[in-house]
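Number of protein chains: 2
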Amino acid sequence: MSELKHNRVYNFNAGPAAVPLEVLERVQEQWFNFQGSGMNLMEMSHRSKEFDAVHNETIARVKSLLNLGDEYHVLFLQGGASTQFGMLPMNFLNKDQTADYINTGTWSTKAIKEAQKFGNVNVAFDGNTVDFMRLPTQDELQLTEDAAYVHVTSNNTIKGTQFFEFPKVDAPLIADMSSDILSHTMDASQFSMIYAGAQKNLGPSGVTLVILRDDFYATAHDAVTTMLSYKTHVDKNSLYNTPPTFAIYLMGEVLKWVEEKGGVAGMEQRNRAKADMLYGFFEENPEFFRCPVSPESRSWMNVCFRLPTEELEGRLVNEGKAAGFIGLKGHRSVGGLRISMYNANGVESVEAVINFMKGFMKRNG
Amino acid sequence: MSELKHNRVYNFNAGPAAVPLEVLERVQEQWFNFQGSGMNLMEMSHRSKEFDAVHNETIARVKSLLNLGDEYHVLFLQGGASTQFGMLPMNFLNKDQTADYINTGTWSTKAIKEAQKFGNVNVAFDGNTVDFMRLPTQDELQLTEDAAYVHVTSNNTIKGTQFFEFPKVDAPLIADMSSDILSHTMDASQFSMIYAGAQKNLGPSGVTLVILRDDFYATAHDAVTTMLSYKTHVDKNSLYNTPPTFAIYLMGEVLKWVEEKGGVAGMEQRNRAKADMLYGFFEENPEFFRCPVSPESRSWMNVCFRLPTEELEGRLVNEGKAAGFIGLKGHRSVGGLRISMYNANGVESVEAVINFMKGFMKRNG
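Residue numbers (our numbering), protein chains in the order written: chain A, 1 to 365; chain B, 366 to 730.
Because the hints were derived from the structure by calculation, they are not lab data.
Keep in mind the model is a prediction, meaning the values are calculated, not measured.
The beta carbon of each residue, even a glycine, is placed where N, CA and C say it ideally should be.
Warning: the hint list may mix true and false statements.
Said to hold, decoys possible - Here are the simulated DSSO-like cross-link-like pairs (lysine-lysine), alpha carbons at most 27 Å apart as the crow flies:
1) B:Lys621 to B:Lys686
2) A:Lys117 to B:Lys460
3) A:Lys49 to B:Lys601
4) A:Lys95 to B:Lys727
5) A:Lys113 to B:Lys601
Said to hold, decoys possible - Which chain B residues stay away from chain A? Per the calculated CB distances, all over 12 Å, these:
6) Val374
7) Phe397
8) Glu408
9) His411
10) Ala418
11) Asp491
12) Gln555
13) Asp587
14) Ala612
15) Lys626
16) Glu633
17) Pro651
18) Arg671
19) Glu678
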């Protein structure tokens, strides 16, 4: 099936997604005996010296990779971005306040629906008007004066759009970066809060990275329950209760790998090369491949495209799978095809899938 | 340091705790290539055929091991038992209702504090009156007529007490079984809800098992946020959002191992043998070892004990560690010593630590 090491496949899953092979190899080496402890990391107390080092090094790597100063708190929570959709307004939006949400797809829509339970939501841009095929320009944003915050989804896995420049706003800017964190250089200091489920660019599902700037955090009110108060987790350095220790350890190993590959700038270089190659290939073959997303809004992470017929799309998914290219099917809500290529996917994986698609086109074009 | 396979140690950690070596070995064999997929399980979609099978088999194993009928829902949530402390009253306790809580230690106390945010709490037994050194008798319980539910913590990791027979109550009975689920046979049908963080008897931290009986579940109201409504997770079979896939897979492997070892009856046999051996050793040497917990309430999972002096206790922890016996220190809130021996700990590990303690006693007695 595959000529790759360990009989691995080319993994283009949208999430949970590929983990760098070097990371899996290192974790496997420590599997029965983490750093000479005689235990797997998951068998250790979250209050042990060993885990404490893993935990705090992982926080330090997040801060270093994103160039965050001491004014930022880094948390590892549970429940995914979906839990943050509720926690954010629960902690930061009062009944008499308005939050601005930029609606660029399925996940923004869910975040909006959840925030409406807690206060007023102004949809500053409604992507439905452009079928979510492009992101808003700065001029199009209808922002509220004195908004509690402005929420944006940085990358849209289902529609295949991505922000590279973020909206300029006066209110605190919050981003759900679940699907593109650490994928390109950007000024993180423009954000009051960033959150990201780990299962695309940071490791396994089951841990959510939350970054809070202190001035914004200072405005948090108590949530209805202890575990949904950011205060609970900031006060205890994410150790109020037992955290998902193994998932945090894996995130730390992924971050170490990012550092070794040149940090965020290194990831940007890889990701730009992959995107140029893949979108370029589609543009060179417009009679067979079509990308419906506006060129200026196209995601480097999730490349959505169509073939001349749905029958051909189905055939490409199946033949791709047989040839060791996994995850080519578009999200069930939109159909078509999708190649998700997060940080872990090397340039060679994109070269390989392009070669496969060239052959497919010849056989079917 | 150790003569065990893979240079492993005897792991008596209170949680996160030891995972059966056979489970770790099997997961390691599938590490780069789960069932021929060419991916680690954590790199697969939670909507893939492969994960779907893991997910539903794990649910089936929970039901089979606990003899649960179709009237029970089995959920895999995030956030640990601490999140359940809030979710339970948020979904099942109204402002004008009273819930009965049996306070048998630190975790019960936390559950009570959280429930008080949502409705009235009646402490049906206050373990503070007996310094938490024993559990209540049936006669001592001050139950409320028409209570919304009665909450009990089945095993108390810090104080070292455990229920083997549960209170007889008219209201729906709820148990936090985080630290002793599947450790001895019992009639699970007496419970309207059971919840358990995985990191003692079920696998790694980061997944919480929640079991809900349909008649009780039918009385749930909507929670303040989507992710804290049981309804969200029951409706979607715990796949409303991305679940902690790797942690669920590991739980499934632990459950398979329990089945192979004779199911819950097999675990009971092992655990009874370990407890008899260890408490028996202490009783044979009362001049050196003292267990402050009332004999009828002693936990099979967490054996708390004292030596003649704190200095000796510290020495035993350190010499034990050097000899490959990890986790002998009591919880920081109570001091003393503790041997946690969940399902994963074999009888031979308890024999080994007793032998070590015999030598220690000779050298210091």
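Taking the hints in turn, this is what the structure says about them:
Among the hinted pairs, B:Lys621 with B:Lys686 is inconsistent with the structure: their alpha-carbon atoms are about 31 Å apart, more than 27 Å. A threshold of 27 Å between alpha carbons decides the hint, and for A:Lys117 with B:Lys460 the separation of about 20 Å falls inside it, so the pair holds. Distance restraint check for A:Lys49 and B:Lys601: the Cα-Cα separation of roughly 39 Å exceeds the 27 Å cut-off, and the hinted pair is therefore not satisfied. Proposed proximity of A:Lys95 and B:Lys727 is contradicted: the alpha carbons are some 68 Å apart, above 27 Å.
A distance of roughly 18 Å separates the Cα atoms of A:Lys113 and B:Lys601; the hinted pair therefore holds under the 27 Å criterion. The Cβ of B:Val374 does not lie farther than 12 Å from every Cβ of chain A; its closest approach is about 3 Å, which violates its non-interface assignment. The beta carbon of B:Phe397 is not kept farther than 12 Å from every beta carbon of chain A, the shortest such distance being approximately 4 Å. Distance check for B:Glu408 against chain A: the nearest CB is about 5 Å away, which does not clear 12 Å, and the non-interface claim fails.
For B:His411, the shortest C-beta to C-beta distance to chain A comes to about 6 Å, within the 12 Å cut-off, and the non-interface label is violated. Residue-level check passed: B:Ala418 sits 16 Å from the nearest beta carbon of chain A, beyond 12 Å. Under the 12 Å C-beta cut-off, the non-interface status given to B:Asp491 relative to chain A holds; the minimum distance is some 22 Å. With a least CB separation of 27 Å from chain A, B:Gln555 remains clear of the 12 Å interface cut-off, as annotated.
With a least CB separation of 10 Å from chain A, B:Asp587 falls inside the 12 Å interface cut-off, contrary to its annotation. In this structure B:Ala612 is not separated from chain A by more than 12 Å, as the shortest Cβ-Cβ distance comes to only about 6 Å. Every beta carbon of chain A lies more than 12 Å from that of B:Lys626, the smallest distance being close to 18 Å; the non-interface claim holds. For B:Glu633, the shortest C-beta to C-beta distance to chain A comes to about 23 Å, beyond the 12 Å cut-off, and the non-interface label holds.
Remark: the non-interface label on B:Pro651 is consistent with the geometry, its nearest Cβ contact in chain A lying 30 Å away (cut-off 12 Å). Its beta-carbon lying about 21 Å from the closest one in chain A, B:Arg671 satisfies the requirement of being farther than 12 Å from that chain. Under the 12 Å C-beta cut-off, the non-interface status given to B:Glu678 relative to chain A holds; the minimum distance is some 18 Å.
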